[in-house]
Every structure is written in C-alpha cells, then in structure tokens.
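Listed in order, the protein sequences are those of chains A and B. Per my numbering: the first sequence = residues 59 to 192. Per my numbering: the second sequence = residues 59 to 192.
Keep in mind that the hints are not guaranteed to be accurate.
Copies of the same chain look alike in the list, so a pair counts if it fits in one copy or across any two.
With a straight-line cut-off of 30 Å between C-alpha atoms, the simulated DSS-like cross-links for lysine-lysine are [claimed, not checked]:
hint, residue 1, residue 2
1, 107, 147
2, 147, 76
3, 107, 76
4, 82, 140
5, 82, 107
If you're looking for bench data, these hints aren't it; they were derived computationally from the structure.
Given next are the chains, with one letter for each unit.
There are 2 protein chains.
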Amino acid sequence: MPVPMELSRIIISEINDKQIIYLKEIDGERTFPILIGLFEATMIHRRVKGFSSPRPLTHDLICQIVESLGGEFHDVVINDLKDHTYYAKLRVRADGEIIEIDSRPSDAIAISVTCEPHLPIYVEEDVLNEVMGE
Amino acid sequence: MPVPMELSRIIISEINDKQIIYLKEIDGERTFPILIGLFEATMIHRRVKGFSSPRPLTHDLICQIVESLGGEFHDVVINDLKDHTYYAKLRVRADGEIIEIDSRPSDAIAISVTCEPHLPIYVEEDVLNEVMGE
Numbered sequence: 059m060p061v062p063m064e065l066s067r068i069i070i071s072e073i074n075d076k077q078i079i080y081l082k083e084i085d086g087e088r089t090f091p092i093l094i095g096l097f098e099a100t101m102i103h104r105r106v107k108g109f110s111s112p113r114p115l116t117h118d119l120i121c122q123i124v125e126s127l128g129g130e131f132h133d134v135v136i137n138d139l140k141d142h143t144y145y146a147k148l149r150v151r152a153d154g155e156i157i158e159i160d161s162r163p164s165d166a167i168a169i170s171v172t173c174e175p176h177l178p179i180y181v182e183e184d185v186l187n188e189v190m191g192e
Numbered sequence: 059m060p061v062p063m064e065l066s067r068i069i070i071s072e073i074n075d076k077q078i079i080y081l082k083e084i085d086g087e088r089t090f091p092i093l094i095g096l097f098e099a100t101m102i103h104r105r106v107k108g109f110s111s112p113r114p115l116t117h118d119l120i121c122q123i124v125e126s127l128g129g130e131f132h133d134v135v136i137n138d139l140k141d142h143t144y145y146a147k148l149r150v151r152a153d154g155e156i157i158e159i160d161s162r163p164s165d166a167i168a169i170s171v172t173c174e175p176h177l178p179i180y181v182e183e184d185v186l187n188e189v190m191g192e
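Construct the complete structure from the given sequences, taking the supplied hints into account.
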C-alpha cells in the first residue's frame, strides 16, 4: 500500500553537490531523506516559499505541457529503491485512464509542489520498510 | 517567416550567473546570443556532447511525458523579444493538430537537443531583424 507522505524539510548547501529533502508520513512519524541535485532542490524551495517567476520555469512548463495535451496530474509515487537510488512515477490522468511515467523523485516532488493544489505524494510501504530498516 | 537556425556555441562560466548560447542561421551568416541559466546551459551541453544519464533528467522527462500523452514535438520557435527577454514556443503535434506552448528559449532549446532526431529551431524574422539591428 502506498503511504501518504509530505515534504517536511529542504536542506540546501551550495558547498555540496547533493542537497537533501525529507519526506514525512502524514499519519505517522516515519521520515527519511532523499539526496537530490541543486537545481531541483532550488526549484522545490522556490515553489514551497511561493516565489513567482515572470516566465515559466522548467517545472511550470511541465505542468503546462500536461494541461495543453489534455492530461491532469493525479499524484506522485516513490515506488522503488535500487542501489541507493529512489525511483518515482508520475501518475497522469488522460482520456479517463491513469498513465504512469518514470521519473526521478526530485522532478516528481518539484512537479507536486508546482501544481495547484499540490499533488499528493505517496511512498510504497515496501520502500518505506526498506529505508526505515537500514 | 521563421528562419531556420542552429545552436552554434555554448559558453558556460561557473563564475557568472548567466551563461551564453549562440544561435546561427542555417542558410546564412546571422548569429546572436541568448543568456540562459546555468542549469539549462548544462543540460544543453550534456545533450550536445551525447552524455547519457542512468535516470531521466528533467528534459528527458518532458519528452517522455509528451510521448506518453500521445503527442509529438514538432519544432521550437523563438517568436518574440520584449524588454531584452526572448520568448519561445514549443510546437507539439497531438490529435492531428499543432498545439503551441509558451516556453523560455532555454527550455525550448534543451528540449530540441534532447529529442532524437533533434527538433528544428526557428527564429521569427522580426526577432532576428530586431536583434541584428541593435
């Protein structure tokens, strides 16, 4: 079962190549970090803080493309962890069906906070068990 | 009339906030620079050099989203210049129609070099005249 989680913290350090975001269980206490790139972390931070931009930034463009093609973002799911790499999928509703698109968690979460209202974020129970057991 | 152009040069300097890409006329000599962000410049550089990534980067994801929704990128057009800011549109074919999506030139060009084969890049004659006359 996918577990509803939320973005609880973003730690950006320009000294490091990798930044850290934390997801936290909405109906519980489990939390874990994901390492992501500076660009994606900055995009997520801007959106969470509500900073606007005069021109569409890359994740705004993604939302616009989906809308222009008649789709609608549904939610994002972090569904696997292999060799210390998390995998996510974007779930998009189009023509009455749900289409799943492979994504890095960083882009998935950036999209989730760019959409209004923000998209639900889920993490598969297996992934959460694996990361909490480490 | 839109003029066919190609990416002729990318200048990346980590000291500066803005990077420079040059477009050059395919059937002529006109060329001009566009200032873009470091992330977008790095993405364009990686694609032009053929560097691959184990996971989809943001512009790979954009191509995947369009394909998953049954669309196909057609070309990109830089169609306006206002207050020293260039405007572009992505032209996507879907259901037999061409849909135009507003974009920054940096994302448009990153998408153009991420698609295989690369998408044609056009610049509106008016924009080219304006920038050459400056």
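- prompt: Checking residue 147 and residue 76: alpha-carbon separation at most 30 Å within a copy, between copies, both or neither?
  reply: Classified as within; 21 Å inside a copy, 32 Å across copies.
- prompt: Is it within, between, both, or neither for residue 107 and residue 76, if the alpha carbons may be no more than 30 Å apart?
  reply: Both: 20 Å inside a chain and 23 Å across chains, each within 30 Å.
field: 30 Å Cα threshold - placement of residue 107 relative to residue 82
entry: within (18 Å within a copy, 39 Å between copies)
message: Cα distance capped at 30 Å. Does residue 107 pair with residue 147 within a copy, between copies, both, or neither?
response: both (24 Å within a copy, 28 Å between copies)
query: Is it within a copy, between copies, both, or neither that the alpha carbon of residue 82 lies no farther than 30 Å from that of residue 140?
result: Within. Shortest intra-copy distance 20 Å satisfies the 30 Å Cα cut-off; inter-copy 43 Å does not.
Consistency note: the structure conflicts with none of the earlier hints.
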